[in-house]
Amino acid sequence: MAQLVLAAGTSHTPQLSIHPDQWDVFQQRDRELNPLYVRNGDRLTFAEAVERRRQAGFVLDEGGFVERHERCQQLLEHLSADLAAAAPDVVVVIGDDQDEALADDNLPSFLVYAADDIIGRGLDSDEKRQRRARSAMRELAEWSYSPKEDVDYPGHRALGLHLTGHLVRAGFDPAVAVSAPNGRSVGHAFGFVYQRLFGGVPPRSVPVMVNTYYPPNQPTPARCVEFGHALRSAIEAYPENLRVGVIASGGLTHHFIDEELDHELVAALHSGDVDALGRLQPHELKGGTSEVRNWIVMAACAADRLECTWLEYLPCYRSEAGSGCAKAFGLWSGRLRMPSGGGGGRLG
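Residue numbers 303 to 650, in the working numbering, belong to the letters of the sequence shown in order.
No lab work stands behind these hints: they were computed from the structure. Any given hint could be a false lead.
[Claimed, not checked] Label-pair ranges, simulated between beta-carbon atoms: (1) A405 / L335: 15 to 25 Å; (2) R354 / D452: 42 to 52 Å; (3) S535 / A435: 22 to 32 Å; (4) Q357 / A387: 44 to 54 Å.
We put the CB at the ideal spot given by N, CA and C, even for glycine.
Build the full structure now, drawing on both the sequences and the hints.
The following block contains the structure:
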């Protein structure tokens with residue numbers, strides 16, 4: 303029977319892969335698009351967010367940009383080394399899709415990509431050139447999501463089909479893709495894991511896509527907990543002797559950083575309190591913060607099987623409005639090993 307041997311989580315924001323010297327591309331977009339949701343679900347203009355932060359006494363520490371960016375790189379390297387040492391036979395990657403592989407003609411709440419070959423379009427492919435042309439951030443960060451040339455990442459069709467069938471019997475109705483949806487490359491949430499955590503040479507994988515962003519069929523946090531439990535049962539019911547890892551990609555709060563919410567999330571993730579994660583309300587997870595759903599699925603999958611080995615959190619601000627991305631990285635396994643220079647739990 304298959305065994306769940308590890309779980310992990312990583313942020314995947316472009317901010318991770320662009321040096322702070324070039325963060326003006328984010329600041330300009332934040333001012334123009336005002337993508338700043340707050341915890342009650344309201345959306346603030348950039349000016350309103352600046353005023354709210356000013357009244358709260360917030361001071362932007364531009365001098366700490368480089369230090370926190372470098373710490374994030376250390377944590378990515380540490381997590382990559384942990385995954386290499388664990389050497390799972392296959393990883394189930396939990397991520398969202400932002401109009402990349404999927405389109406609005408068919409957008410399921412959950413999709414299992416059950417294929418032996420997972421398409422990864424290269425940096426100079428037409429698909430990636432078009433995406434880079436639409437975004438200065440993607441132009442700078444695409445190297446972290448895409449291979450230099452077209453590749454087929456190794457998938458695990460049999461496990462993916464098994465997971466789908468088991469999830470249906472557990473009361474879910476996931477979509478399944480046995481070939482590349484719409485012939486497109488796998489999205490950035492998955493490409494980041496393949497490129498930055500596995501150096502472009504990942505083990506066999508099964509991408510599981512969660513519709514975190516787009517109403518009306520985003521799964522609730524409580525449903526994500528249920529899905530994670532069912533996913534673990536499905537993994538453990540697979541008859542082949544496989545060592546399986548589960549990796550969540552995305553989050554934490556952004557583009558408006560909410561440290562109070564993040565600390566609640568980190569505390570629940572660290573302790574394995576999936577009930578607390580399930581009590582979150584959908585209006586608390588809007589915009590980029592919606593990717594927390596991927597971590598909830600992972601945490602529920604790991605619950606009662608794996609312990610948090612290490613977890614580090616860094617709120618990486620980039621403007622006086624409090625915009626930026628709160629980043630988190632962590633590993634769940636049976637061994638205790640802290641990354642040097644930091645600690646576990648609610649770190650700021």
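Here is what the structure says about each hint:
Judged by the Cβ atoms, the range 15 to 25 Å given for A405 and L335 holds: they are separated by roughly 21 Å. Taken as a hint, the range 42 to 52 Å holds for the pair R354 and D452, whose Cβ atoms sit roughly 46 Å apart. For the pair S535 and A435, the beta carbons lie near 44 Å from each other, so the given range of 22 to 32 Å is not met. At about 47 Å, the CB distance of Q357 to A387 agrees with the hint of 44 to 54 Å.
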